[in-house]
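*Asks:* Each protein sequence line maps, in turn, to chains R and H. Okay, so the first sequence: first residue is 1 according to the working numbering, each after it adds one. Okay, so the second sequence: first residue is 1 according to the working numbering, each after it adds one.
Just so you know, these hints were derived from the structure itself, not from any lab. It cannot be assumed that every hint is accurate.
Said to hold, decoys possible - Cβ pair distances, simulated, as ranges:
(1) R/Met284 / H/His46: 51 to 57 Å
(2) H/Ala171 / R/Arg14: 50 to 56 Å
(3) H/Ser139 / R/Gly262: 22 to 28 Å
(4) H/His46 / R/Ser236: 56 to 62 Å
(5) R/Pro215 / H/His46: 41 to 47 Å
What the hints assert, rightly or not - Straight-line Cα separation of at most 35 Å, DSBU-like style, residue types lysine-lysine; simulated pairs:
(6) R/Lys245 / H/Lys245
(7) R/Lys297 / H/Lys102
(8) H/Lys245 / R/Lys47
(9) H/Lys157 / R/Lys102
(10) H/Lys2 / H/Lys83
Quick caveat: nothing in here was measured; it's all calculated off a predicted structure. Quick reminder that beta carbons are idealized off the backbone N, C-alpha and C, glycines included.
There are 2 protein chains.
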Amino acid sequence: MKLQILGCYAATPRTMTNPTSQVLEVKNHMFLIDCGEGSQVQLRKHKIKFSRINHIFISHLHGDHFFGLPGLVSTFRLLGRDKELHIYGPKGIKEAITLLLKLGDSWTNYQLYFHELTSKEPEVIFEDDKVTVETIRLSHRVYTNGFLFKEKAGERKLNVEAVEKHKIDKAYFQNIKNGRDVVLDDGTIVSNTELSFDPPVPKSYAYCSDTGYKPDIVDQIKGATALYHESTFLESEAHLAVKTKHSTAMQAASIAKAANVGMLILGHYSTRYKSIELFKEEAMEIFPNVELADDGKFFEF
Amino acid sequence: MKLQILGCYAATPRTMTNPTSQVLEVKNHMFLIDCGEGSQVQLRKHKIKFSRINHIFISHLHGDHFFGLPGLVSTFRLLGRDKELHIYGPKGIKEAITLLLKLGDSWTNYQLYFHELTSKEPEVIFEDDKVTVETIRLSHRVYTNGFLFKEKAGERKLNVEAVEKHKIDKAYFQNIKNGRDVVLDDGTIVSNTELSFDPPVPKSYAYCSDTGYKPDIVDQIKGATALYHESTFLESEAHLAVKTKHSTAMQAASIAKAANVGMLILGHYSTRYKSIELFKEEAMEIFPNVELADDGKFFEF
């Protein structure tokens, strides 16, 4: 999985800091996650082909996660897009985007599908043969979902040596990859575990922004390869985190620790702080493997 | 009058080019004219105090003139604004902005006044003791207004020498500035033209974007100190200008010439062209005093 951070700062776009947006590349998909104002320029800056984006996931309808979407939808049209586009987000997102397109008399030439979310429980909102995406219910001032991107378990890997030793015909290879044993001509059964290796462990990425401290998400994101968790505040402003339904770096780290994730990526920093290194320092008191998101930063896991 | 160009390129925001927005400073007002995506970042970049903006004029509801407005309105709230804000734009602008604020549960703390425009004739939409703003009816794919910003004629200037010569008491000075004659104690009438000088010629700025070629605006903008007129295309793409209801640089220059304006500022360039200098060259074949708008450029007139 490859994660390109386009923006990861809270509240208002500034000269040097962009509101939330990121692109996750997984199994040939380019999933756009949130779309603050200016995201389309960030996409250009990081040379991400607009045509590769077919699914956009919006966590909630605050401006810093969403006000770049009307412009992106319009730009897709101006660039002559014809592929369909799927937008997943809270109820109301369809009304907002369609009203803006209507007022500009700028209907898209391509098919635009809105998948409006209202469920109070996690739900699978995208699935193909390689990936699922499910919502993570978060706690914010408005209806908000995180998203859990999960690879499906792949095929088992052929043990070439073992296959040759037993002189097994090619015709059986797909069955072996699918986990089946092989019965030889003389009736001997060769077990699948002898003929193949376990597939790579499927990876997963949990995106949790914006949210107050919400430990009941731990079960769902347990063992995630990477967790992006918002940390708007440091511990000294924990009272503001409660008041505004955001998290501190330490709270994000507590979630990471309890869920035993591979890596914690912090982001959604309030711009009140001089240095984002402080977020890492505080989080590492609780959880060791902490990375700091920053605009333009790229992660591979 | 001082004009700060924040963005002046057509269609989609790009890494190096911003969609339309500009700030006109006149008689202590900072009028924001159009507000494409990213305008709030451009305002910060050019160090324009957000608190000085109290009136925003939106020409039409295409994204490249308007999609920065929801974010700016939200940012004003986050910055703790309490002064009222007036927004002038086509009917529908209120519904759009209020829907977005409602979905984010982010009502402004300050008073937000919408002045929705529907008239098919030019109308005065703002007036105080020093300035008027009237609409210029343009011809585009959706309902679009330009704006004519006009200083009012100021007071006459006292001719100090003449006043002293006639030993005229201070009490009469305001009357003289207002254009009145003075009757001396002996009954002599001293004419105002002897006691005062003409005030400076009031300046005016005409903003015309977006529009197809529309010569019937010439009477209204006659003699304007400066005219900003869109020139999306060069003459080689005149057929596209007709089709999309935009103008060529030569058409903009024809308007400038017929209206006998002091200066023509070109802008709203299609990003298809390698150099914007070509726009100036073509326009100068028709009208001599042509300037090119560019992002970040500043004009004083």
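*Asks:* A separate judgement is required for each hint: does it hold in the structure or not?
*Replies:* Taking the hints in turn, this is what the structure says about them:
no.	hint	result
1	R/Met284 / H/His46: 51 to 57 Å	violated (39 Å)
2	H/Ala171 / R/Arg14: 50 to 56 Å	holds (55 Å)
3	H/Ser139 / R/Gly262: 22 to 28 Å	violated (59 Å)
4	H/His46 / R/Ser236: 56 to 62 Å	violated (34 Å)
5	R/Pro215 / H/His46: 41 to 47 Å	holds (45 Å)
6	R/Lys245 / H/Lys245	violated (48 Å)
7	R/Lys297 / H/Lys102	holds (33 Å)
8	H/Lys245 / R/Lys47	holds (31 Å)
9	H/Lys157 / R/Lys102	violated (53 Å)
10	H/Lys2 / H/Lys83	holds (23 Å)
When each numbered hint is compared with the structure, violations occur for hints 1, 3, 4, 6, 9.
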